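Chain by chain, the residues run as shown.
Number of protein chains: 2
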Amino acid sequence: AKPKVGYFLSNKKGNKDILEKLSSIKLSDIKSLPVAVTESTSVYDSIVTIFLENVGTLFVVENDTLKGVVSRKDLLKATMSGGDLSTIPIGVIMTRFPKIVCCTEDETVINAAEKIIENEVDCLPIVEILSNGKMKAIGRVSKTNITKVILDISR
Amino acid sequence: AKPKVGYFLSNKKGNKDILEKLSSIKLSDIKSLPVAVTESTSVYDSIVTIFLENVGTLFVVENDTLKGVVSRKDLLKATMSGGDLSTIPIGVIMTRFPKIVCCTEDETVINAAEKIIENEVDCLPIVEILSNGKMKAIGRVSKTNITKVILDISR
Numbered sequence: 008a009k010p011k012v013g014y015f016l017s018n019k020k021g022n023k024d025i026l027e028k029l030s031s032i033k034l035s036d037i038k039s040l041p042v043a044v045t046e047s048t049s050v051y052d053s054i055v056t057i058f059l060e061n062v063g064t065l066f067v068v069e070n071d072t073l074k075g076v077v078s079r080k081d082l083l084k085a086t087m088s089g090g091d092l093s094t095i096p097i098g099v100i101m102t103r104f105p106k107i108v109c110c111t112e113d114e115t116v117i118n119a120a121e122k123i124i125e126n127e128v129d130c131l132p133i134v135e136i137l138s139n140g141k142m143k144a145i146g147r148v149s150k151t152n153i154t155k156v157i158l159d160i161s162r
Numbered sequence: 008a009k010p011k012v013g014y015f016l017s018n019k020k021g022n023k024d025i026l027e028k029l030s031s032i033k034l035s036d037i038k039s040l041p042v043a044v045t046e047s048t049s050v051y052d053s054i055v056t057i058f059l060e061n062v063g064t065l066f067v068v069e070n071d072t073l074k075g076v077v078s079r080k081d082l083l084k085a086t087m088s089g090g091d092l093s094t095i096p097i098g099v100i101m102t103r104f105p106k107i108v109c110c111t112e113d114e115t116v117i118n119a120a121e122k123i124i125e126n127e128v129d130c131l132p133i134v135e136i137l138s139n140g141k142m143k144a145i146g147r148v149s150k151t152n153i154t155k156v157i158l159d160i161s162r
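Note that the protein sequences, when read in sequence, are chains A and B.
Sequential numbering of the first sequence, starting at 8, is according to the numbering used here.
Sequential numbering of the second sequence, starting at 8, is according to the numbering used here.
Worth flagging that the hints you see were computed from the coordinates, not collected in a lab.
Remember, it's a predicted structure, so these values are computed and weren't measured experimentally.
Treat the hints with care, since some could be wrong.
A pair counts as met if it fits within one copy or between any two copies, since identical chains are not told apart.
[As the list claims (entries may be wrong)] Okay, derived cross-link-like pairs now, PhoX-like style, lysine-lysine, Cα gap no bigger than 25 Å in a straight line:
#	residue 1	residue 2
1	80	23
2	80	106
3	23	33
Build out the structure end to end from the sequences listed, making use of the hints.
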């Protein structure tokens with residue numbers, strides 16, 4: 008069902024204050040640590056990592072460079088294939104560039120919410136661009152971090 | 008990493024306006040439709056339903072009554088068991104009462120965010136209590152709905 012969004016139209020002044028507050032919350036304020044595997048890690052071991060680290064998304068990293076992203080949804084899909092999960096490398100099922108949606112830690116919680124909703128992902132890597140032009144994952148921001156913002160700003 | 012939460016202390020007045028605004032957003036304003044299976048639906052068919060309906064959580068319903076909740080994480084765990092997913096009924100792996108965390112549609116987005124974060128779940132069933140005392144699932148609210156609120160109130 009489409010959410011009814013009429014509620015936010017009633018108080019334009021309030022919205023301006025809220026916009027100001029939310030614009031002041033940078034991803035560096037709310038980020039979590041990245042959890043990484045390598046391309047040769049098996050799908051099985053990646054699922055184990057998801058549970059042990061209690062995260063929804065893993066980053067695939069080689070030589071300090073972000074190569075891929077794998078969500079719980081990707082892993083669930085992989086389990087449906089019927090293959091031996093301990094022999095399938097995560098590199099086979101991960102999302103690669105240019106399809107990875109990234110952000111930087113100076114972006115605001117509003118930017119992150121926008122990217123998450125528009126691209127239908129659960130989590131964004133927070134990256135730093137290295138001098139060789141490659142991306143290093145320095146954090147992650149998920150719907151969980153954003154849901155916590157709603158709590159923090161109401162307290 | 009624990010989020011740094013210092014950012015919300017700087018502007019108490021702004022927080023009061025935000026609290027007022029967020030308290031005015033009820034779950035009836037932002038809810039999505041529930042997606043249901045029955046206790047005898049197989050784990051395999053439940054995973055197929057998760058993908059076809061593009062949701063993160065399924066409700067298990069019998070005779071219009073909410074019996075259980077199953078998340079993508081529960082399904083991923085079930086696939087690790089190595090059993091034949093098409094013969095395991097979802098009733099075996101679902102979360103049951105009293106462990107299900109519910110909400111009603113007159114609760115606010117703040118209440119829902121609180122329950123989601125404290126109980127570490129992705130989604131809450133929105134229920135109506137029937138005259139026989141049982142719960143009917145009339146909607147769902149997830150971290151996605153809450154992330155959309157951040158966007159809506161900043162526009």
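Could you tell me which of the numbered hints above are not met by this structure, giving the numbers in increasing order? Of the numbered hints, just 1 does not hold.
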